[in-house]
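Visitor: Whenever a hint applies, use it, and build me the whole structure from the sequences.
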Amino acid sequence: MKDFFKDVYQTLFRFARFPCEPETVAIGHPDKSSPVLVTCNFDYTVRHLKKYLEKERIDCFLLVVNTEGTNVWCAAAEGIFTAEKILAHIKVYRVGERVDRTRLILPQLSVAGVKRKELENHGWEGVYGPVYFTDLKEFLDNGMRKTRDMQALEYGYWERFKMGISHAVFCSLICAIPILVFASERWVEAVLLVWFFALCMQLIEHFIPFTRLLYKGLALALPILALIFIFVRDPVAGLQAAVGVVALSAYIGYDAQGHSHLGQNQRSGKLFGGIAVFLVLVYGGTFLL
Amino acid sequence: MSFVYMKILESRPERYDAGMELLTLGSLTQVKREIARHIPSGSSVLDLGCGTGTLAQMCAERGARVTGVDANSGMLSMAAKNSPSANFMNSSLCHLDEHFEDESFDFILSTLAFSELTRAERIHVLKQIKRLLKKGGRIFIGDEIIPDNLFAKGLYHLFRLPLRLLTWVLTQTTTHAISGFEEDVRAAGMKIISRKRYMLGTFILLEIKI
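Residue numbers (this note's numbering), protein chains in the order written: chain D, 1 to 289; chain Z, 290 to 499.
Hints listed in this document are in silico derivations from the structure and should not be mistaken for laboratory results. Since the model is a prediction, treat every value here as computed from it, not as a measurement. Some clues are possibly wrong.
[Claimed, not checked] Which chain D residues stay away from chain Z? Per the calculated CB distances, all over 12 Å, these:
{"hint": "1", "residue": "A26"}
{"hint": "2", "residue": "K91"}
{"hint": "3", "residue": "W124"}
{"hint": "4", "residue": "K146"}
[What the hints assert, rightly or not] Only pairs whose alpha carbons sit at most 16 Å apart, straight line, appear in this in silico EDC-like list of lysine to aspartate or glutamate:
{"hint": "5", "chain 1": "D", "residue 1": "K91", "chain 2": "Z", "residue 2": "D306"}
{"hint": "6", "chain 1": "Z", "residue 1": "K419", "chain 2": "Z", "residue 2": "E390"}
{"hint": "7", "chain 1": "D", "residue 1": "K91", "chain 2": "Z", "residue 2": "D386"}
{"hint": "8", "chain 1": "Z", "residue 1": "K498", "chain 2": "Z", "residue 2": "E392"}
{"hint": "9", "chain 1": "Z", "residue 1": "K480", "chain 2": "Z", "residue 2": "E496"}
{"hint": "10", "chain 1": "Z", "residue 1": "K370", "chain 2": "Z", "residue 2": "D306"}
We treat Cβ as the ideally placed atom computed from N, Cα and C, and that holds for glycine.
Guide: In structure tokens form, the structure reads like this:
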């Protein structure tokens, strides 16, 4: 039950870091020839990975490397999950004394940060394992060979939904002050809009025909603007609402890069362009009214 | 982490000193000055986790030969500008054994570096420090600690929370106070000669010998 609440909490606040204690842990009854798996000290992953390994009765050593609580993919992209970090861990926890093998099974998503050549220079061989740890048993049983499925990253609707929830929580926190200052009487609608845009940016963004996330965000505002045009009779109130809607959609679309599995080529323009859109529309636009 | 905040994080080194100064309410600079006061001209100094090189520069101004080590290359770029006469090395503190011979330094210094390490890493680094220090050398470690006293601990958390939030907003980083550090120092076979406390006992400067 405790784990369930932890899962909910860590999903809602996925943008934050959740560190657990770095360690070298023996799962089951490993001997010196048992596989050595590597992961980051992101609590969510470590808890679920340990549970899986115990359930599948995989005798192994698990190196939980200190990335300050950042998950494998983000830590590798940010340059805090590196070969150097793994080598430091091996040294500090004297991993070499516990195993004969010098082969490390790395998460495939660590490829952006962990350079195998660097590990090789220090006498360790790195093998990228499957994308999902739930394929580890099959991977090990197959003599560490990956099938095509094991290499495929799926960004399914459940994963998109969880990411959307986290993005919505984050955007609600960021937009709380502008909403309270400029739309305090309509804060419920504004918060609902934040959640609508954030969830849509994850769930249906691939159906919106733009590459840049900023434009996808703005496209999401169109049906809401149509509703405002149809139902709001007062032109000043309508214009005010429209400015707020465009501002929120632009910001949430722009910021979706940091909350998604979307590729670098979909990155939405320049940083200051995004911030300017947000500030000009929310502050400038509302002051003009 | 948000894309927007990731960008702020990337530009952290320029803001680091200001953020840390705020977090320690000026005590960090005070501690660095106190350490530098002990460094004589011509001595060899190793600054562990040198960050932006402010302590390295204070020691270099006193005529010491300074080597700074830090794992963050962004910080080291700033350090090279702040202290042009010092040498800087981009390395994790866990890899000191790969870079330096036994008994290489007269003084080994560290401010706010141990609190970024796990306990296992701290013990590992202390062993390395013992190996690297020349006979008769001194170690100065300034870092944040969690007070042992229950009341002081409560006060500490109350006092620190807003500062931590503000510092995180400015620099996207914070420090992690350590507990039981003096025991780890003694367990590594070192002797604490003196200790000075700052910020209601939450920041400590230890002078250590082997």
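Visitor: With reference to the structure, classify each hint as holding or not holding.
Guide: Structure-based check of each hint:
With a least beta-carbon separation of about 16 Å from chain Z, A26/D lies farther than 12 Å from that chain, consistent with its non-interface assignment. Its closest Cβ contact with chain Z, about 6 Å, brings K91/D to no more than 12 Å, contrary to its assignment away from the interface. Under the 12 Å C-beta cut-off, the non-interface status given to W124/D relative to chain Z holds; the minimum distance is some 14 Å. Consistency note on K146/D: stated as away from chain Z, and its beta-carbon is indeed over 12 Å from all of that chain's, at 29 Å minimum.
Distance check on the hinted pair: K91/D and D306/Z sit about 31 Å apart at the alpha-carbon level, beyond 16 Å; violated. About 12 Å separates the Cα atoms of K419/Z and E390/Z, which keeps this hinted pair within 16 Å; it holds. For the hint linking K91/D to D386/Z, the alpha-carbon distance of about 10 Å falls within 16 Å, and the restraint holds. A hinted pair counts as satisfied when its Cα atoms are at most 16 Å apart, and K498/Z with E392/Z qualifies at roughly 13 Å.
With a CA separation close to 9 Å, the supplied pair K480/Z and E496/Z stays within the 16 Å bound. A threshold of 16 Å between alpha carbons decides the hint, and for K370/Z with D306/Z the separation of about 14 Å falls inside it, so the pair holds.
Checked against the numbered hints given earlier, the structure breaks hints 2, 5 and satisfies all the rest.
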